[in-house]
Amino acid sequence: MVKKEVNPLIWEELERYTMDENLREFIKGLLLFERKHISEERPRYSDEYDKLIEKHSKNMDSE
Amino acid sequence: MKIYEIELENYRQYRGNHIIRLSTDNTHNLNIILGPNGAGKTNLLNAIDWCLYGDEPSLEKTRPELQQCIANEKELSEKGNVIVRVKILMGNEQPEYSFERTIRISKSSIDAHPEEHEKSWYVAYLEGNNWKSYNGSDWNNMTLFNNIVSDILPRGIRSFFFFDGERLDDFFRRGMEHEVKKAIIKVCQIELLDRCIHHLTDKSAELRKGIRGASSEIEDISKAIDLLTQSKRELVEKIENLSKKITEAEKNKEDIDDKLRKFTKFDVPELQKERDRLEIEIKKIDDKIKDKENEIRRHFASGIIFILGFSALKSAYEMIDQRKKGIKQPRIPPDIREKFLKDLLTCHQCICGTELSEGSPQRESIEKLLNSVKFTSKISDSADEGYYKIANILEKCKKFKSERVELEKEYQDLCDDRKKKDQRLKEISERLKGMPVDEIQSLESLRDSFEDEIRKCIAERAQKELQIKTVEEKIKMKNAEFKKELEKDKKQKKLRLKLELCDKSIKALNGIKEKVAKELRERVEQKTKEYFLNLHWKKEVFKDVKIDENYEISIINNLGTECLGTLSAGERQILALSFMAALSSVSGFEAPVIIDTPLGRISGKPKEKIARSLPKYLENSQLTLLITDQEYTPTVRNNMKERIGKEFELRYDEEEVNTEIVEIGGDV
Chain D
5 MVKKEVNPLI WEELERYTMD ENLREFIKGL LLFERKHISE ERPRYSDEYD
55 KLIEKHSKNM DSE
Chain H
137 MKIYEIELEN YRQYRGNHII RLSTDNTHNL NIILGPNGAG KTNLLNAIDW
187 CLYGDEPSLE KTRPELQQCI ANEKELSEKG NVIVRVKILM GNEQPEYSFE
237 RTIRISKSSI DAHPEEHEKS WYVAYLEGNN WKSYNGSDWN NMTLFNNIVS
287 DILPRGIRSF FFFDGERLDD FFRRGMEHEV KKAIIKVCQI ELLDRCIHHL
337 TDKSAELRKG IRGASSEIED ISKAIDLLTQ SKRELVEKIE NLSKKITEAE
387 KNKEDIDDKL RKFTKFDVPE LQKERDRLEI EIKKIDDKIK DKENEIRRHF
437 ASGIIFILGF SALKSAYEMI DQRKKGIKQP RIPPDIREKF LKDLLTCHQC
487 ICGTELSEGS PQRESIEKLL NSVKFTSKIS DSADEGYYKI ANILEKCKKF
537 KSERVELEKE YQDLCDDRKK KDQRLKEISE RLKGMPVDEI QSLESLRDSF
587 EDEIRKCIAE RAQKELQIKT VEEKIKMKNA EFKKELEKDK KQKKLRLKLE
637 LCDKSIKALN GIKEKVAKEL RERVEQKTKE YFLNLHWKKE VFKDVKIDEN
687 YEISIINNLG TECLGTLSAG ERQILALSFM AALSSVSGFE APVIIDTPLG
737 RISGKPKEKI ARSLPKYLEN SQLTLLITDQ EYTPTVRNNM KERIGKEFEL
787 RYDEEEVNTE IVEIGGDV
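Residue numbers (the working numbering), protein chains in the order written: chain D, 5 to 67; chain H, 137 to 804.
Don't read these hints as lab results, they were simulated from the structure.
Heads up, a few of these hints could be off.
What the hints assert, rightly or not - Cross-link-like lysine to any residue pairs, in silico, SDA-like; alpha carbons within 25 Å at most:
#: 1; chain 1: D; residue 1: K40; chain 2: H; residue 2: D765
#: 2; chain 1: H; residue 1: K643; chain 2: D; residue 2: T22
#: 3; chain 1: H; residue 1: K318; chain 2: D; residue 2: R48
#: 4; chain 1: H; residue 1: K317; chain 2: D; residue 2: P47
#: 5; chain 1: H; residue 1: K640; chain 2: D; residue 2: E52
This structure is a prediction, so every number in the text was calculated from the model and none was measured.
Bound conformation, chain D alone (with noise of 0.2 Å):
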C-alpha cells in the first residue's frame, strides 16, 4: 500500500520541538491519522481521538 507521507518538514520540526516523548507520540498518531483522512471534508475523527487520548492520558498520569 502506498506509504502515507507526511511532509518531512512537519515531521521534523516535530521532533526538534521540545515536548515530553508521550505528547510527542500522542500527535503522531494524530497527524497519521488526518493524513490518511486527507481527503475527506468531515473525517470520523473522534473514536480515534477518544482512543488516543485514553492512551497518552494514563502515560501521563503516570509520569
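Please build the complex by placing chain H on the supplied structure of chain D, with the hints as guidance.
Just chain H now, kept in the frame of chain D:
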C-alpha cells in the same frame, strides 16, 4: 510516483480503445503530448481527473456547451449504447496501482441524471508479488479507491499538479494573496496541523461537556468557553468568506483593467497606465503610513512617562532649585561629596593646590566640612540627587516633544501625498466615466462598485480580526479559571489529565505550525525566486521575489521598486510556473505533474529558455506536457531533448470524431 499507462475507451473524442504508455525512466521522465487545439489535450487531463476523482474540473471553464456528454458522440449515435472507461496504472519503480472507472451511456438515457447510468469502479494494488483487487458498482461507496488515490495525491491539491498553464497567471493578480496562502497551506500539508488543532479543540469541548458531578462553577465556566469557542468559529468563517469576496472582486477589477487597457480610442490606455502606477505607489505609501503609525506608537510608549509626569517633575525641579538658591555656598553633588573630601585629606592637598598638612587650619576646615556632610540628611541627599536626574528627564521631555512633532509631520506628509494620489485616481475614474463610449462608461462604473466592495470587505475583515483577538483572550482566561476549579476537585483527576493532554498538544501544534509555515513559506519564496530569475529573459530588470508573512508576493526590480502589477501576462505565467515548481519541490507529495499548454502565453526566446529549465526544476517528478505545435518549436524540442522520454501526437479525425494517439519521435 509515476503514471505508467492511461487507457481510454470512448471517452469524448477518443473513440474505441486507446492506450498511452508514458515514459517512467527516471532520467528521461519528460513526456510530450503534442496536438492542435481541439484534438483532445485538455480532455486527456480531464480523463485522468475523471478516473481518479470522478469529475472534470478543466471542463466547465473550457467549452461547456460542446462537452455535455462524456461518451464519444459518433459511437453513441451509431451504436446507441456506449461504455466509457478510463484506466490508469501508477507506481514508483513498477506499476503498483490500477484505477478504473466505467459508465454505460445509452442514447435514450443521455439526458438522465448521472446516478441513473450503469456504473462501476475497480482498484487494484500490488502486495508483495500479488495484485489485490476490489470493485463495485456504486460511485458513492468506493472508500478504498478514494483512500488510495488520496494517499497518492489528495483531491484538494491535485490542481497544483494537474493544471492548465494558461490559467496560472490568475494566481498573481492583485489581491490574490489568499490563493497563494491556500496553495502553500494545502500543498505543504500545514492543513494537517490545522485539522489536529481543530479536532482537539472539539474534543476538549466534548470532554468538558461530559463532566459528571462537577461543581456549578465548573459547569458555568465550561458553558462560557463553549459560547466563546463558537463565536470564534463564526468569526473565522466570516473572515474566510470576506477574503474570498475580496479575491473575487480584485479579480473582477483586474479583468476590467485588462479590458480598458485594450481600448485604443481617446487616452484610455494612458489613463489606465497612470492608474496602474498610482495604485502601486499608493500601496507603498500605505505601507509607509503603517510603519510610521507603529513608529509613533513606539515613540509614544517610550515617552508616556515623561508626558504623564511632566508637570509634577517640573514643580519638583523648581522647588529644589529654589532651595538650592537659598544656600549661599556652592555645593558638590551629594553622592560624590563625602568621597571627594576624604580623597583630599588622604592626598594632603586641596584641588586649589593648598597644602592640607596635619593640624593646619585648612585641613581642620575640610575635616569640619566632612563631619557636617556626614550629618546631611538622607532626604537632602535624595533631593540633591533627584535635582540632577529631574533636570536630565526634563531635557528628554523637550527632546521628546520635538521628536513627536517631527514624526507627526512625516506622517501628515504621507497622508497628504496619499490624498493627492487618491484625488488623481478619482479624476481618472470620472474622466473614464465621461468618455463618449458606453462600454467604457459601464466598465468604469462596474469597476467603481468592485472597489467599493473591496474597501467595505477589508474594513469588515479588520474589525472581525480584532474581535477574534478579544475572544481568544477571553477563552484563555476562562480556560485558566476552569483548570483552577478542576484542580480543586480530586474526583476529576482523569478528566483533568485528558484536558491537560489536549491543551498541551494544541499549544505544541500551534508552535510547530508557526515554525513550519514560516520555513515552508521561505523555502517556496527562495525556490520561486531562483526559478523566476533564471527563467526570465530580462535578467537585468528583476532583482528579487518576496512572499511576506501575509503571503503577499512581490517582484522587486533593479531600482528596488515593487512591480508585480506591471508584469505582462507572459511574465505572470513564468512567475506562476516558477511558483508551481517551487511548491511541488517542497510539497511532501511525490506526484506526477501534468501541464496543459505550458508555454501558451510565452513568446520566442523566453519559451526556449523555459523549455530548457522547467524539466530540470521538476527533475524528481514525472512531467507530462500537453502542448500545441505553436509552443513546440524545433528549438523548444531541442532544448528539452535530454529529458524527453517519449513523444506522442494526437491526430484528430473530424469525420470519424476520433483522436488517435501516435507515438512519434525516435530521433530524440
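Each hint tested on the structure:
1. At roughly 41 Å between alpha-carbon atoms, K40/D and D765/H are farther apart than 25 Å, so this suggested pair is violated.
2. Note on K643/H and T22/D: the hinted pairing holds, with a Cα-Cα distance of about 12 Å set against a maximum of 25 Å.
3. For the hint linking K318/H to R48/D, the alpha-carbon distance of about 24 Å falls within 25 Å, and the restraint holds.
4. Our distance criterion of 25 Å between C-alpha atoms is met by K317/H and P47/D, whose separation comes to about 23 Å.
5. With a C-alpha separation of about 18 Å, the suggested pair K640/H and E52/D falls inside the 25 Å cut-off, and the hint holds.
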